[in-house]
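> So you can see what is in the structure, the chains are spelled out below.
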Amino acid sequence: MSLEIQNLHVSTDDREILHGVDLSVAKGETHALMGPNGSGKSTLANTIMGNPAYQITEGRILLNGEDVTEAEPDERARAGLFLAFQYPATIPGVSVANFLRTAVNAGRDEPIKVKDFGALLRENMELLKMDPAFNKRYLNEGFSGGEKKRAEILQLAMLRPQIAVLDETDSGLDIDALRVVSDGVNALRGPDLGTLIITHYTRILRYVRPDFVHIMLDGRVVREGGAELADQLEEQGYDFIREEVSAADAS
Amino acid sequence: MPPSFLEQSRRSALEVYEREPLPTWRRSGFWTTTVRNLRLDELEPRHHDPVASVEELPEVAREALADDELAGLVVQRGASTVHTTLDPALAEQGVVFCSLERAIEEHPELVARWYMKRLSADEGKFSAAAAAFWTGGAFLHVPAEVRVERPFQVVYVIDEPGTAQYAHTLAVVGQFAECSLREYCLAPDLEGQALHAGAFELYCQTGAQVKLAHVQDWGSGEVYDISTKRVEIGRDAHCSWVPIHLGGHLTKQQLDIVTAEQGSDMRHTGLYFTEGQEHLDLFTTDLHEQGDTTGDTVWKGALTGDSRASYEGLIHIVEGAQNTHTYLQTHSMLLSPKAKADAIPSLIVQTDNVSASHGGTVGEVDEELVFYMMTRGISRPDAVRVLVEGYFEPVVQRLDDPSLEALVRARIAAKLSAAEQQVAAYAAER
Ligand SMILES: Nc1ncnc2c1ncn2[C@@H]1O[C@H](COP(=O)(O)OP(=O)(O)OP(=O)(O)O)[C@@H](O)[C@H]1O
Ligand SMILES: [Mg+2]
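Going down the list, the sequences are from chains C and G. Taking this note's numbering, I'd label the letters of the first sequence as residues 1 to 251. Taking this note's numbering, I'd label the letters of the second sequence as residues 1 to 430.
Hint data in this document are derived by calculation from the structure and do not stem from the laboratory. Note that the coordinates shown come from a computational prediction; the quantities given were computed from them, not determined experimentally. C-beta atoms are modelled at their ideal positions from N, C-alpha and C, and glycine is treated no differently. Treat the hints with caution; some may be incorrect.
Claimed, not checked - Below 30 Å or equal to it, Euclidean Cα-Cα: the simulated DSBU-like pairs (lysine-lysine) are:
{"hint": "1", "chain 1": "G", "residue 1": "K338", "chain 2": "C", "residue 2": "K136"}
{"hint": "2", "chain 1": "G", "residue 1": "K415", "chain 2": "C", "residue 2": "K115"}
{"hint": "3", "chain 1": "G", "residue 1": "K338", "chain 2": "G", "residue 2": "K415"}
{"hint": "4", "chain 1": "C", "residue 1": "K113", "chain 2": "G", "residue 2": "K338"}
Unchecked claim - Sample of chain C residues at the chain G side, in silico, Cβ under 8 Å:
{"hint": "5", "residue": "P52"}
{"hint": "6", "residue": "A71"}
{"hint": "7", "residue": "D74"}
{"hint": "8", "residue": "Q86"}
{"hint": "9", "residue": "A103"}
{"hint": "10", "residue": "P111"}
{"hint": "11", "residue": "V114"}
{"hint": "12", "residue": "G118"}
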């Protein structure tokens, strides 16, 4: 399983936001995508999932070598893609348990048995140290920022995708919550899961060590490297990269 | 010989009926409700023989009743009361639950004290028709301080085209008594016209606690429902009223709650789902006649097909009703490009020192939420279905009656799946 993004150009309202992005994530790998506010990280994540608000004007997205550039979001999800949203939606009147059961069943031919679902939900809520009372609440309604992020990771755990994009799952989490969520992600990591962790802090990367780091600036991936690139970024900030990029552009 | 109060009331109602023309209701929105396609002279009351058990009732009634444990049951088919039960233990405590006809024979003074206290025959042709021509009917009296857990159930069934059904339910809940009452109006998918002209009145006396539910599902036939329902809440009494409209060719209803004395408190939570060519026109009033009263009104609807629905909700706080707190909200969700809805909250406040707020919206399925759900592998039609069910869920839960909740959820799900392709296509094309 692999996700390949090739020369992706993405626009909204006639403005181009991504100007040709190449990036590949294979099963078993952990990637970090870093970049300052407004550089286009969430745009990339949403485009990977097929958000109709973003138009692809050039390039393509391949999943296992198959072109999914035009596929509907639910087809991508059932093919093994997952996005933990930076700003998850609130679904009024739909409980966490009801939502998750609908989502789990969407990926199956036969609906899951009530008992099996209950056990699976309990197990994953324990993994994320979530209060069982959560599952009766309407999804994200009145959830704190941190609770929403945890609910996203709960969905990741329940749906078991092959490639997961985590868009700033770390922001809005206090240090304990960050630990719990990172432990959860680590528990799910393995040869069957590829992850793309979007963040602009290196905080989470101390708990979840990436194999590859990509840096995005103004809609382009401008630097790539290993975990040490994240450390360098932490010490020097984005400015050193900006300077390097403009020096390269000038010459 | 009917008692003179009834005879007199019927006589003056008949005068109004003969004097009044067929009405047209002009709404403050962009449309009118007319009954010009109703062939009233071709309709007539249909009489039926009583049956000994629920199993012998028409199928629509049997299905809706499931196997609920009830405190009592009154079923009217067409013009006739065909089945009545009441838990003998409750009868022993003085509870009366039977047809209104029988109650007038057996308890004329009790009925006379309340009959049409808050209703008038002079509110138009169909109110007059109901007052002049009703047969059968239902009467509930729960004496002071009696508490009844299980629901009292009234069912009006129309199962033959050509039927004119004139209905009247009167319920009186005594001081500090507690009970719940359900009234269902049901028809199978008839081929042809029918009319239900109904009157409903409930009086909650001092300190009473009442749960009231109305479920209307007249099927896909050409059933006209023109009814008035009124609830009066006495001192420190509470009533939670949940009217549910699931089907009817043309419905014109006036639903009023009066918080009549200090400390009276109401919750009014309505739901409608219209489809096909249905036309629904609702007017509700939240009338505060005294101070220190509270109210909370929420209406939610969804529309498919070419249906139209208008909800107009008035909060009226009279002079001197200070320290009243009430609010009203109404939402309608359009699930088809051809459906039309309006939501019109309004406010008359004739005193100071009150808090009253109101709001109304008409919207569509939120595409961002559909996208979110689809990223979890949920197909577009399923996402829309779950979102609409979720939209109604807080209202359904206010029924606080598990078997009725299950009935309403199942009917909404069935209506959504019938409209599934159309609803999903509409959402996708926007
Ligand atoms: N739906 C949209 N419509 C219009 N402009 C958009 C839309 N989504 C994103 N943009 C713009 O595209 C640019 C990139 O936004 P994006 O959300 O992808 O950045 P980001 O890297 O995720 O930032 P952050 O770190 O703040 O989350 C911004 O200038 C943003 O205003
Ligand atoms: Mg972002």
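> Next step is simple, just say for each hint if it's right about the structure.
Hint-by-hint comparison with the structure:
1. With a CA separation close to 36 Å, the supplied pair K338 (chain G) and K136 (chain C) exceeds the 30 Å bound.
2. Between K415 (chain G) and K115 (chain C) the CA atoms are separated by roughly 29 Å; this keeps the pair inside 30 Å, and the hint holds.
3. Note on K338 (chain G) and K415 (chain G): the hinted pairing holds, with a Cα-Cα distance of about 17 Å set against a maximum of 30 Å.
4. Taking the CA atoms of K113 (chain C) and K338 (chain G), the gap is near 40 Å; set against the 30 Å cutoff, the hint is violated.
5. Taken as an interface hint, P52 (chain C) checks out: its beta carbon lies about 7 Å from the nearest beta carbon of chain G, inside 8 Å.
6. The beta carbon of A71 (chain C) comes no nearer than 11 Å to any beta carbon in chain G, farther than 8 Å, and the hint placing it at the interface is violated.
7. A distance limit of 8 Å between C-beta atoms decides the matter here; for D74 (chain C) the minimum to chain G is near 4 Å, and the interface restraint holds.
8. Taking 8 Å as the C-beta contact cut-off toward chain G, the hint placing Q86 (chain C) at the interface is violated, the least distance being around 12 Å.
9. The beta carbon of A103 (chain C) comes within 4 Å of a beta carbon in chain G, closer than 8 Å, and the hint placing it at the interface holds.
10. At about 12 Å, the closest approach between the beta carbon of P111 (chain C) and any beta carbon in chain G exceeds 8 Å, and the interface hint on this residue is violated.
11. Against a cut-off of 8 Å between C-beta atoms, the interface hint on V114 (chain C) is violated, since the closest Cβ of chain G lies about 16 Å away.
12. For G118 (chain C), the shortest C-beta to C-beta distance to chain G is roughly 19 Å, which exceeds 8 Å, and the interface hint is violated.
The structure fails to meet hints 1, 4, 6, 8, 10, 11, 12 from the earlier list, while all remaining hints are met.
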